[in-house]
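A.B. asks: Residue numbers (our numbering), protein chains in the order written: chain A, 1 to 355; chain B, 1 to 173.
Read the hints as simulated data drawn from the structure, not as lab findings.
Don't take every hint at face value.
Said to hold, decoys possible - Far from chain B, by Cβ distances over 10 Å, these chain A residues were calculated:
hint, residue
1, Gln-11
2, Arg-98
3, Glu-130
Unchecked claim - Below, in silico cross-link-like pairs of lysine to aspartate or glutamate (DMTMM-like), each with a Cα-Cα straight-line distance of 25 Å or less:
hint, chain 1, residue 1, chain 2, residue 2
4, A, Lys-104, B, Glu-132
5, A, Lys-104, A, Asp-161
6, A, Lys-104, B, Glu-162
7, A, Lys-104, B, Glu-64
Glycine included, C-beta positions come from ideal geometry on N, C-alpha and C.
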Amino acid sequence: MRRPALLLGVQVAAVTAILGCVLALAALHPRRLDLTPERRFTLSPYTREVLGRLAGDVRITLFYSSQAGALRREMTDLLTLYQEAQPHVTVRAFDLDRSPGMAKRLGVSNYNTAVVEAGERREAVEVVSEEAVTAALLAVAGTPPVATYFVVGHGERDPRDTDERRGASEAARALAAEGFRTGVLEGTAAVPADAGLVVVAGPTRDLRPAEVEALAAYVAGGGNALLLCDPGTPPSVAALVRRFGVELAPTTSPAPPKARGRTSTAGRVTAPLSGPAAIAAARCRSRPSRASRWPGDGRAASSSSATPTSRPTCTWACSATATCCSPRPSWWRAPTRSPRRARRRRRAARSRRSP
Amino acid sequence: MTARGTALLVALLATLAGYLWVVERRPAPAFPPEPAPLLAVPIAAVARVELVEGERRLTAVRGERGWTDAAGRPWSQDPVSDLLAALGALRPLATVDPDPATPGDYGLGPGGRRLELAAADGRPLLALELGERNPAWTGLYARRAGEPAVLLVGGVLAWELEKVRQAAPGGNP
């Protein structure tokens, strides 16, 4: 009897000690696996796309505070993701107090600031987040900003209006963060020559015939337009959208409570969304997109986003090839979903598509 | 589990432990002792304070009626005592560079500001070369005379020096 008990004791001790060794090894050689449903510790597809387009070398210099170790680790972890994703990106980190000369050269006077440099161009990032760093990358190494005009004068959402229900300031801010230069256009009768994108965000009053023709001519000439249509879209806008091959649904009823935050289809596409009929065209295609962030993006030509009540309910008329803008605005946050629910949703979508 | 299984377990444990001991063992981090205050002697031992900034030299001499300048004029307030109290309490926040190649980055070098403290018998108690504020303006670079290491000391020292400058007898030129 004594021997089995002894063996058992040795086994328990050995297994415990082995587990301890494994833990010690894991602590000495940490590896990270992002298992969060939102992929919180993984660069977004948008950032990866931006990084993928980098042709030249980019240097990111981080100035941290030695007093804030956790924040420093968080920032260096994020910047390391950029470096791992794109060999053109090099990351350096300095203690601000120990590098006053370099800080002076780069014009940095605050802790936890990163400077993104590409050639002669330089952009400081005061709050090191993925959104800010990617925006800075675009600013220094991306293509020149696309001039984006929000049309006003027909009850559209105004990019200068900060009201969450009526305004579009958040959308303008998100566009600016992605390398778009936003402005306001009073009517569409004369689209500026430098316009890379014209946004008509939820007009409530009819456009004048001259404005409709000017916008149609602009798109036909290779311009890009994004029309956001609420229920009760004025006939002139509906007719304009129809010319682009998108039929708006007559009405869009509010989604039932269970379906809030989900996407339901409304309207239909009546013509292939390519060529001159496409609302967004080649000039925008060179822009990175966030399209892949949203389920079903890149194929939805007309869909109604039955969003939570604080967000506008819009029908997003957007080309299948449009990559300049997501069928959802950047400020629209997808509800938190469990992977299981997401799989269920994908299965349901597949079954809907199959004949 | 048989004796053989147990032996295997023990062998696995020995291998892992041996690997950890031989390959992964690292020296325990040594925590440096807390640095001494900038002024390591009692404040009462300081009899003379000199702040040299280029051509300008501010002097404070401890007398029976308090601090006076070199000409015997009293200091309007008591910023010198505050400065000494700060020097007696402040410890270097960090040694930012043990031997800088370009001290000018820290505002140090020939012609820079100096703070000198001496005892009644003329014995030097502290001699500091003062540099610039750090980029975030939370501290001040300094180094002890004759030592290459650059220290970062609390920004309160810069504030106390400014008070001394403002309260100098004869105004602030």
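A.B. asks: Does each hint hold? Answer for all of them.
C.D. replies: Each hint, compared with the structure:
1. A cut-off of 10 Å between C-beta atoms contradicts the statement that Gln-11 of chain A is not in contact with chain B; the least separation is 5 Å.
2. Once the 10 Å rule is applied to beta carbons, Arg-98 of chain A is inconsistent with being away from chain B; the minimum gap is 4 Å.
3. Look at Glu-130 of chain A: its CB is around 24 Å from the nearest CB on chain B, clear of 10 Å, so calling it non-interface holds up.
4. Among the hinted pairs, Lys-104 of chain A with Glu-132 of chain B is consistent with the structure: their alpha-carbon atoms are about 12 Å apart, no more than 25 Å.
5. This hinted pair does not check out: Lys-104 of chain A and Asp-161 of chain A have alpha carbons roughly 38 Å apart, beyond 25 Å.
6. A hinted pair counts as satisfied when its Cα atoms are at most 25 Å apart, and Lys-104 of chain A with Glu-162 of chain B qualifies at roughly 23 Å.
7. Distance hint between Lys-104 of chain A and Glu-64 of chain B is unfulfilled; the C-alpha atoms sit about 46 Å from each other, more than 25 Å.
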